[in-house]
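Residues per chain, in single letters:
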Amino acid sequence: MKDLKSQASKSTTPGKGGLTPEIQSRIGHQLRAMYDDVVRQGVPDRFAELIKKLDAPGGAPQVEPDRGSNDNNNGRD
Amino acid sequence: MPLTDSLRDDILAAVPSLRAFAISLSGNADRADDLVQETLLRALANIDSFQPGSNLPAWLFTILRNLFRSDYRKRRREVEDAEGNYAKTLKTQPSQNAHLEFEEFRGALEKLPQDQREALILVGASGFSYEDAASICGCAVGTIKSRVNRARSKLAALLYVDGAEDFGPDETVRAVIGGSGG
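Chains as they are written, first to last, in the working numbering: chain A, 1 to 77; chain B, 78 to 259.
Chain B extracted, bound-state conformation (with noise of 0.2 Å):
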């Protein structure tokens, strides 16, 4: 379709979401500025292929997907340990909004595979449904579903359990888990 005054304002409504989804993914707030920017000019280039009345942030994320993609593996060529490089670029960054607990939050889901990882972030916080992320990510429902729950008991494991197991639950898991102790 043409790019109407409300398909363009609905693309810049998108922005922030995607923005947050890019960063989520690359860990690295300026590479993902430059995914988002990469992203719009893929998708106001190809504005007529997109279907009236579809779901424009789903295609917005699919392009964005595809984007950080093929630009990781060419990144993976380029730098031998591209996961351990990130990470580290994340510990050094100064925390400016985050405080620790986001930054152990992200230290954590940059662990995960980055099949989990983007599976989780788009049903746990875009707020896509198993559908959408399934169609997003180019695999079948189940395989989101279960790379949900994977990301999930791994994220639990790396925040929650070994802490735990190590030196008896902190204050916030104990309070986790006496909740549910009856």
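Here chain A stands alone, though its shape is the one from the complex (with noise of 0.2 Å):
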């Protein structure tokens, strides 16, 4: 918030130091558009697919091991 002081002061021309919120937001703006693009494209089935096959300890792709034998988690979800 101390930034936002000193970029205030001089609103109207933008320069190298300062900038008014009205680009500040309009860079925020542009920076999270092209960003959310990408995130709304979800999740290949590439990664997916990576994802369960390494699920199994050693790599392997295999069926489901009998998991939780052992599962001294504490109990935080």
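Keep in mind the hints are simulated off the structure, nothing from the lab.
Ideal Cβ positions, reconstructed from N, Cα and C, are used throughout, including at glycine.
One should not assume that every hint holds.
[Said to hold, decoys possible] Footprint (simulated), chain A over chain B, 3 or more residues, beta carbon under 8 Å:
{"hint": "1", "region": "108-114"}
{"hint": "2", "region": "178-185"}
{"hint": "3", "region": "194-201"}
{"hint": "4", "region": "213-220"}
[As the list claims (entries may be wrong)] List of simulated lysine to any residue pairs, SDA-like, C-alpha gap at most 20 Å:
{"hint": "5", "chain 1": "A", "residue 1": "LYS52", "chain 2": "B", "residue 2": "PRO134"}
{"hint": "6", "chain 1": "A", "residue 1": "LYS53", "chain 2": "B", "residue 2": "GLU115"}
{"hint": "7", "chain 1": "A", "residue 1": "LYS53", "chain 2": "B", "residue 2": "LEU121"}
Could you use the hints to bring the two separately framed chains together as a complex?
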């Protein structure tokens, strides 16, 4: 929030040091738009498959092992 | 911790944003997916070192970022002008979903120094706190803040200021500037 103070001081002439809040928000918007464009593509099959395959210890695709036999995780969910 | 079903689901859930981060870093979708794949392999191989309850996305982003860094250094040796090359790749790629504005923005993002680019993306797009971003990049929180600020200033200069000074503000910039004119 300290940062905003210096940036707001000369709000109509964005230069190297100062950014108008409007331009800042425009940059933020474009950045997220670009990023979310990829995020919206979801998980490509390639990666879903990969994680499924490597689920089992040893990294070989195999039938679900008898998991949870010795599950000493401390009850967090 | 062991790879539980829920941990696996959490890793999967992080994949879309890992890809977005990787594409923003590398500017190249194919390379980005290779990076994500390598990240997942590393993560799964080292899953025992993940602390339950800690920030899984931050952990994964750290792995991806480090991979990108070492890969980048390697490529830099191979290709003299790495950055110029990526920029060229970008320009010749047909824009599929992205319209012109996206391309322009991407191009400007490519021109940022890598430190600044990753800081800006982590904070401004991935939504990490400054603290998480600092831990992902292995630097101080203040360093991240200043990188983000410099990145924003440089983007503004590349995208909005040059055009405004040379040709007068276009409609968008005028609207943006006019908003605060009061």
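Verification of the supplied hints:
1. 108-114: holds (count 3)
2. 178-185: The restraint on the region 178-185 of chain B holds, since 4 of its residues have a Cβ under 8 Å from chain A and three suffice.
3. 194-201: holds (count 3)
4. 213-220: violated (count 0)
5. A:LYS52 x B:PRO134: Answer holds: LYS52 of chain A to PRO134 of chain B is near 19 Å, not above 20 Å.
6. A:LYS53 x B:GLU115: holds, 14 Å
7. A:LYS53 x B:LEU121: holds, 11 Å
The structure is inconsistent with hint 4 alone, although it conforms to all the rest.
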